[in-house]
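The task is simple: from the sequences and hints, build the whole structure.
Number of protein chains: 2
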Amino acid sequence: MNKAAVDYTLYLVTDRKQLGNRDLAESIEQAIQGGVTLVQLREKSVSTKEFLQLAEKVKEITSRYQIPLIINDRLDIALAIDADGLHVGQDDLPMVKARELLGPDKIIGVSASTLEEALLAEQQGADYLGVGAIFTTATKTDATDVSLKQLEVIKHSVSIPVVAIGGIGTTNLPLVRAAGVDGVSVVSAILGQENIYSAAMELKKILSF
Amino acid sequence: MNKAAVDYTLYLVTDRKQLGNRDLAESIEQAIQGGVTLVQLREKSVSTKEFLQLAEKVKEITSRYQIPLIINDRLDIALAIDADGLHVGQDDLPMVKARELLGPDKIIGVSASTLEEALLAEQQGADYLGVGAIFTTATKTDATDVSLKQLEVIKHSVSIPVVAIGGIGTTNLPLVRAAGVDGVSVVSAILGQENIYSAAMELKKILSF
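Quick note, the sequences are listed as chains A and B, same order. Take the first sequence: its letter number 58 is residue 58 in the numbering used here, and every next letter is one higher. Take the second sequence: its letter number 173 is residue 173 in the numbering used here, and every next letter is one higher.
Keep in mind that a hint or two might mislead.
Same chains, same label: a pair holds when it works inside one copy or across any pair of copies.
Claimed, not checked - Here are the simulated lysine-lysine pairs, DSSO-like style, with alpha carbons at most 30 Å apart:
1. 49 with 155
2. 44 with 155
3. 155 with 57
4. 49 with 205
5. 44 with 97
6. 205 with 97
7. 204 with 155
8. 97 with 204
9. 49 with 204
10. 205 with 3
11. 205 with 155
12. 204 with 3
13. 149 with 57
14. 97 with 49
15. 59 with 149
Everything labelled a hint here was simulated from the structure, so no lab data went into it.
Following this line, the structure appears as structure tokens:
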């Protein structure tokens with residue numbers, strides 16, 4: 001994988017709670033077919049074995065479509081399946097430690113909700129930033145709010161790609177794009193919709209205008 | 001660390017719920033001073049960052065006393081602090097994957113509650129087995145029961161060290177020793193006691209008879 005060529009446009013972060021009885025791996029495949037350019041597998045309440053098995057299954061799909069697969073938080077899982085990268089929040093492994101253990105070739109993304117966090121992450125070698133929460137979200141209640149103005153300031157202060165996250169959907173997507181970000185991260189706007197394929201396609205269409 | 005020289009006699013597995021308001025790192029130090037020969041850090045409900053910070057703190061202590069430190073389940077934490085080893089349960093990373101990622105020099109222990117699991121773990125290169133639960137325990141409700149007879153069968157069927165775990169304390173310790181195990185793993189019999197140092201010393205005394 002060529003890190004410089006990664007397309008951050010429509011970045012799917014998983015949340016199995018959005019899916020009801022639907023299968024996570026199948027839902028990810030539908031989202032990719034609809035236009036998702038990057039997948040982050042995020043699991044907080046399963047055993048390591050279950051996370052690993054799911055990650056192996058998802059990697060088969062993302063590899064088939066040549067979409068990068070990023071693991072949230074768990075470097076052990078990222079290493080075990082040789083994922084394309086790791087995403088760390090402020091309560092996860094420190095960026096520097098993650099880079100030391102993963103090496104220079106893997107994508108490492110960092111969650112940032114302030115300019116300070118963003119600048120530090122860039123300085124420490126992050127490949128991209130996940131900035132949010134931009135809008136109110138039911139998925140991640142521990143995220144600090146970031147205004148569209150702050151998002152714009154962060155985007156103009158760093159040279160690595162910035163992906164906006166938090167409550168982004170079809171209606172507010174134009175506002176986020178106006179901030180000049182490299183991509184948007186979505187959870188419920190894709191996985192919480194009845195037709196996952198169409199939902200991803202609709203977002204992709206708005207992003208391509 | 002010389003893997004062959006590891007002393008499994010009195011193996012402490014941590015559980016912060018046993019401690020009330022007492023500090024985990026301080027409690028571990030008291031247990032070591034009382035005679036604990038090995039420490040396994042087990043955390044199931046903290047963030048990766050918190051687990052890492054705690055593990056770094058505990059490693060300072062175990063290094064000072066030259067006691068091996070084993071991390072439960074989380075290979076990312078084990079790698080991040082360069083721990084002496086990893087303990088995996090049947091719901092954690094598979095033994096083979098853990099060995100592949102940790103290399104030959106690290107201690108890897110596997111939980112086994114059947115002869116089949118024990119033989120497989122040995123064959124896959126486990127350094128020791130944690131066999132239990134021998135007695136009823138409030139700490140780990142997902143553990144399958146293993147009789148003293150089964151424990152003895154497992155001990156005689158493998159050539160790697162066998163550590164018995166589950167509800168072991170001063171009163172039933174002689175029964176477990178009679179099964180010929182290499183060591184006992186304790187949680188509440190040390191960390192759940194008012195005087196951690198004395199509790200470890202008392203167990204060590206019984207073990208030395």
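Hints and how they fare:
Taking the shortest alpha-carbon separations for residue 49 and residue 155, only the inter-copy value of 26 Å comes in at or below 30 Å, while the best intra-copy value is 38 Å. Proximity of residue 44 and residue 155 under a CA criterion of 30 Å is satisfied intra-copy only: 29 Å inside one chain copy versus 36 Å between copies. When the C-alpha separation of residue 155 and residue 57 is checked against a cutoff of 30 Å, the pair qualifies neither within a copy, at 34 Å, nor between copies, at 37 Å. Taking the closest pair of Cα atoms, residue 49 and residue 205 never come within 30 Å of each other, the shortest separation being 37 Å inside a single copy and 38 Å across copies.
Taking the shortest Cα distances, residue 44 and residue 97 sit within 30 Å of each other both inside one copy (21 Å) and across copies (21 Å). When the C-alpha separation of residue 205 and residue 97 is checked against a cutoff of 30 Å, the pair qualifies neither within a copy, at 38 Å, nor between copies, at 41 Å. In this assembly of identical chains, residue 204 and residue 155 lie within 30 Å of each other by CA distance solely inside one copy; the values are 21 Å within and 60 Å between copies. With identical chains, the CA atoms of residue 97 and residue 204 are never at most 30 Å apart, being 34 Å at best within one copy and 38 Å at best between copies.
Taking the closest pair of Cα atoms, residue 49 and residue 204 never come within 30 Å of each other, the shortest separation being 34 Å inside a single copy and 35 Å across copies. Taking the closest pair of Cα atoms, residue 205 and residue 3 come within 30 Å of each other only inside a single copy of the chain (25 Å); across copies the shortest separation is 58 Å, beyond that limit. Only within a single protomer do residue 205 and residue 155 lie at most 30 Å apart by alpha-carbon distance; the minimum there is 23 Å, versus 64 Å between protomers. Taking the closest pair of Cα atoms, residue 204 and residue 3 come within 30 Å of each other only inside a single copy of the chain (22 Å); across copies the shortest separation is 55 Å, beyond that limit.
Proximity of residue 149 to residue 57 under the C-alpha cut-off of 30 Å is found in neither arrangement, the shortest distances being 39 Å within a copy and 40 Å between copies. With identical chains, the CA atoms of residue 97 and residue 49 are at most 30 Å apart both within one copy (23 Å) and between copies (11 Å). Taking CA atoms no more than 30 Å apart as the test, residue 59 paired with residue 149 passes in neither setting, with 36 Å inside one copy and 44 Å between copies.
In summary, the numbered hints that this structure violates are 3, 4, 6, 8, 9, 13 and 15.
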